[in-house]
Amino acid sequence: MRNTNAEAVRQIRQPDARTFRARMSATAKHLARDKQLFVLFIPCLIFYAMFRYGPLYGLIIAFKDYNVFTGILDSPWVGFKHFERFFASPDFFVLFRNTLLLGLLTMICAFPFPILLAVMLNEVRLSWFKRTIQTASYLPTFLSVVIISSMIIDFLSPNNGLINRVIQAFGFQAKYFLIDPDWFRPIYVMSEIWSTTGYEAIIYLAAISGISPTLYEAAKVDGASRMRMIRHITLPGLLPTMLIILILKTGSVIRVGYEKVLLLYNSMTYEVADVFSTYVYRKGLLESNYSFGAAVGMFEAVVAMTLLLAANYASKRLGGNGIW
Amino acid sequence: MVGQRKWSPFGILNGLVLIAVAVATLYPILYITAVSLSDTASVTQGKVFLWPKGFNLSAYAQVLTDNKIPRAYLNTIYYTSLGTFLNLLFTAIAAYPLSQPQFFGRKWWMLAIVVTMFLQPGIIPNFLIVQKLGLLDTVWALVLPNAIWTFELIILKSFYESMSKAIREAALIDGASEYRILFNIVIPLAKPALASIGLFYFVGHWNSFFIPMIYLNDQTMHPLQVVLRGMLIFSEGNTASLVDAAALAPQALKNATIVLSMIPVLMIYPFAQKYFAKGVTLGSEKG
Chain A
1 MRNTNAEAVR QIRQPDARTF RARMSATAKH LARDKQLFVL FIPCLIFYAM FRYGPLYGLI
61 IAFKDYNVFT GILDSPWVGF KHFERFFASP DFFVLFRNTL LLGLLTMICA FPFPILLAVM
121 LNEVRLSWFK RTIQTASYLP TFLSVVIISS MIIDFLSPNN GLINRVIQAF GFQAKYFLID
181 PDWFRPIYVM SEIWSTTGYE AIIYLAAISG ISPTLYEAAK VDGASRMRMI RHITLPGLLP
241 TMLIILILKT GSVIRVGYEK VLLLYNSMTY EVADVFSTYV YRKGLLESNY SFGAAVGMFE
301 AVVAMTLLLA ANYASKRLGG NGIW
Chain B
1 MVGQRKWSPF GILNGLVLIA VAVATLYPIL YITAVSLSDT ASVTQGKVFL WPKGFNLSAY
61 AQVLTDNKIP RAYLNTIYYT SLGTFLNLLF TAIAAYPLSQ PQFFGRKWWM LAIVVTMFLQ
121 PGIIPNFLIV QKLGLLDTVW ALVLPNAIWT FELIILKSFY ESMSKAIREA ALIDGASEYR
181 ILFNIVIPLA KPALASIGLF YFVGHWNSFF IPMIYLNDQT MHPLQVVLRG MLIFSEGNTA
241 SLVDAAALAP QALKNATIVL SMIPVLMIYP FAQKYFAKGV TLGSEKG
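The listed protein sequences correspond, in order, to chains A and B.
Residues 1 to 324, numbered by this note's numbering, are exactly what the first sequence covers, in order.
Residues 1 to 287, numbered by this note's numbering, are exactly what the second sequence covers, in order.
Chain A on its own, in the form it takes in the complex (with noise of 0.2 angstroms):
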C-alpha cells in the first residue's frame, strides 16, 4: 500500500512529458543497485528453489511409479493409486486415529502450562529467583530427544527405573510401562509438557511485559488483590498471544514429534504410536517404497495444511487475530 501511495505522489509532482525517461533512468539506476543485491540474492534463490521447491516437485511420485534407475521424471504415471493402496489398508485408519489423537492431546494438555509458569513468574518480586527460575525451567530445550528419551527409558525401567523403585517400595509390582499400550500416550504427553512449558513460558513472559503497567496501578488503587489482577488483567492481556500460539499449534498436531515416537516406541505399542510420519519412515524409506511413502507423506501435508487454515479461519470468525 505504502509503495503505491509513494508512486502515486511522485507521478502527481511530475506531470510533464519527462516523467516517462525519468522513471526509465531511475528504474535504470535501481536495477544497477538491485544487480548487486541480486547477486547476494542468489545463494538463497538456490537454497530454496533446490531444497524447498525441489522436494514439492519431487512429490509428483505420490502419482508415479518412482524407480531409482528410471528417475522422477521418466517413471510411469499411476495416478492415485498409492493414495488408494493406503486409505484401503488396515493402517491408515489407526495411523490417523493415533496422530491425531497424540497431537490433539500434547496440544491440549501442554496449553496451560507454559501460561501458568510465566504469570507465576510474573508475580515473583525477587529479580535473581525469577532469573534463576526461568534459566532452570528451558533447560530441556536445549536436550536432544534421543537424551529426553533415554531418560524416560531410564526412569521407567522396570529393573532399576526410579518410578519402579518408588511403586516397589509402595508394595506394588513392577511396571513395564513402554511395552503397555495404555501408558505409550500419558508418557509422551507428560515428557512433552516436561520439555516444552519453560520454553513457551519465555512467549507468554514477553507477552506480560507487553500489558500496560497503567492497568495494574488503576486495579491497585481499586484496591483489587492479586489474584484479581492475574484474572482480569494478566490472563486477558495474554489472549492474542494463546491464539497465535494454539493456531501454530493446530498446523502442528498432524506433524507430532515423530522422532520421539520413533525412539520410544516398539513392536508392542505400535497400535497406539505409530504415526503417519513414522510409517512414511518404515515404509517408504526403510522398505524403499519411496511412492508409497510420498503419497502418506503428501496426505499428511494436506491434513496439516487443512487443519492450519481451519484454525487461522476460525480464529479470525471468533474476532481474534490470524497469523495472515
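Fair warning: there could be bad hints in the mix.
Partial list, computed: chain A residues near chain B (C-beta under 7 angstroms) [to be verified]: (1) Q36; (2) L37; (3) R226; (4) K249; (5) A301.
If you're looking for bench data, these hints aren't it; they were derived computationally from the structure.
Ideal Cβ positions, reconstructed from N, Cα and C, are used throughout, including at glycine.
Once you've looked at the hints, dock chain B against the given chain A.
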C-alpha cells in the same frame, strides 16, 4: 507493582511452587549424572537417587576408550561448527537483499519463502533430492538441505530492517558497494541478532539425530546422537561390543555419554539466556 510486601502468603506459596517446578525440571539431569558416576552394583540395585553411590569414573574411562564414541564426538563437533557457520553465512547474506525496500520483487520473494514454512512435503521427497544430488554419506547432506531456516531468516531480516538507515545512506554516498555495506557495516552491527539465531542453529545441529540417521549409512560418520540412539534402542546387542560382559552397568555408560554430550550445550546456555529469550520473542512477534 510498587509497595507490595515481599513476603505475602501468596508470594511464598508461589515461590514454593516455582521451586518445585525447577526441581522437577533439573532432577532428571542430576539423576543421570549421578548414575554415570556410580559403581555398577549401586546402579543395578537401584540405590542411586540424587548423589552418586560408590563414586567412580570408570564409565567415563570406558566412553573415552570406546571405539565409537570419541569419533562420534569429533564428528558432532565437525558437523556442528561447519553447519552453524554456513547457516549464519547463508542467512546473513540472504536477509540483506530481502531487508531492502527497493529490492526488485521483494514482496514476492518473501511470500515464496514464507510459504515453504507451511508446505512441507515430508521425508521421502527430501531424501530423494539429497540422493539425486549425490550428497548421501557426505557432510553436505546434513548441512546444505537446511542451510537456511526460514524462521531465523525472517528474524534476521526484521533485525536488519530495524537498523538505522543513516549509516547505509552515508556509505552509499561514499560510493560503497552493497557487498561492502553488508560485510563491513551491516553484519558487524547485527552481531547480537546473529548470536541469537546462531544459538538456535548450534543447538539444532548438535542435537540432530534423524537427519544424520537417514542420510549417513557409513557408521564411522555417525554423530554422537545417532550413536546414543544405538545404545538406547539396541541396548542388548550394542553393549556386548561396548562393555566386556556386563562389567559395568550399561546405564552408567549410556549416561556418561549423555552427560558428555550435554556439556557443551549446558555450558553455553546460561550465558545465552539473553540472546535466547530475544530470539524466541522476536520470532513469536514476527511469526
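- Query: Which hints from the list above does the structure break, by number from lowest to highest?
  - Reply: 4
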